[in-house]
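Undergrad: Sequence:
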Amino acid sequence: MEPKEMEFLDGLKGWLEETKDTKLEEMDQFFSIRVDGYDEHMSPWKDYYKWMSEIIPENAKELLDIGCGTGLELDYIFKRFPNIKVTGIDLSKTMLNELDRKHADKNISLICQDYFIANYGMEYFDVAVSFQTLHHFKQEKKILIFQKLYDSLKNGGCYIECDYIATTQEQEDLLFAECARRRERDKIPEDMFVHFDTPLTLEHEINLMKQAGFEKVELMGYIGDDHTPMIVATKNSVTVN
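If you use UniProt numbering, the sequence shown closes out at 241, no skipped numbers anywhere.
Zero decoy hints are in this set.
Just the calculated beta-carbon pair ranges, DEER-fashion:
no.	residue 1	residue 2	range
1	D197	F116	17 to 27 Å
2	E58	E123	15 to 25 Å
3	N155	K20	41 to 51 Å
No wet-lab data here; the hints were simulated from the structure. Computed from a predicted model, the values in this text were never measured in an experiment. Each residue gets a CB set at the ideal place from its N, CA and C atoms; glycine is no exception.
All chains, please: the whole structure from these sequences, using the hints.
TA: What follows is the structure, given as structure tokens:
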């Protein structure tokens with residue numbers, strides 16, 4: 001393990017020890033009570049929002065955004081594509097209300113629902129995006145989302161993800177074990193979404209996308225750190241008879 005990784009892991013272990021008695025928060029509640037300062041809190045990611053908007057193909061007309069929140073990435077996407085039709089899915093009604101307020105003049109349909117349950121449709125979207133929303137789930141849950149995203153895209157469409165990943169297997173294992181401990185302590189069922197980070201390693205993340213059907217998965221790179229990659233997964237545009 002590299003010295004930088006060891007330092008990060010030591011800091012994470014220290015934080016977990018300091019917060020070991022903190023109760024887990026249900027996902028919707030966590031974001032609903034923080035909506036007023038959320039955009040400012042996430043402002044350090046503005047370069048990533050801009051980068052994501054620049055990766056979207058120029059001919060994109062229909063876009064799906066899962067876990068869209070207040071639409072921070074959409075702020076930049078609409079600057080480049082003012083007429084794009086967007087479907088946004090999020091669990092928090094409070095967050096969606098803020099998104100609707102900011103972009104009331106845009107062609108956007110908002111769905112307040114668990115994105116594991118929501119119907120994405122089949123071969124409907126040119127592009128799908130997610131930003132910092134999928135680092136709370138086990139592999140068996142996450143692959144279901146990737147399969148739904150794959151099915152929802154037209155041939156040649158792409159899924160763009162920017163999310164927190166574990167830089168080592170030890171980090172992944174540590175966070176999943178701690179989340180399980182806190183769930184058991186707080187008597188929280190497995191099917192209830194809680195706000196606790198359980199990122200996968202980059203290798204696991206990319207492998208799941210490929211297992212879900214994406215024929216091409218590209219690591220586009222990082223900006224300023226080594227744990228928040230931009231990934232583009234493409235649905236094959238060639239039909240094989």
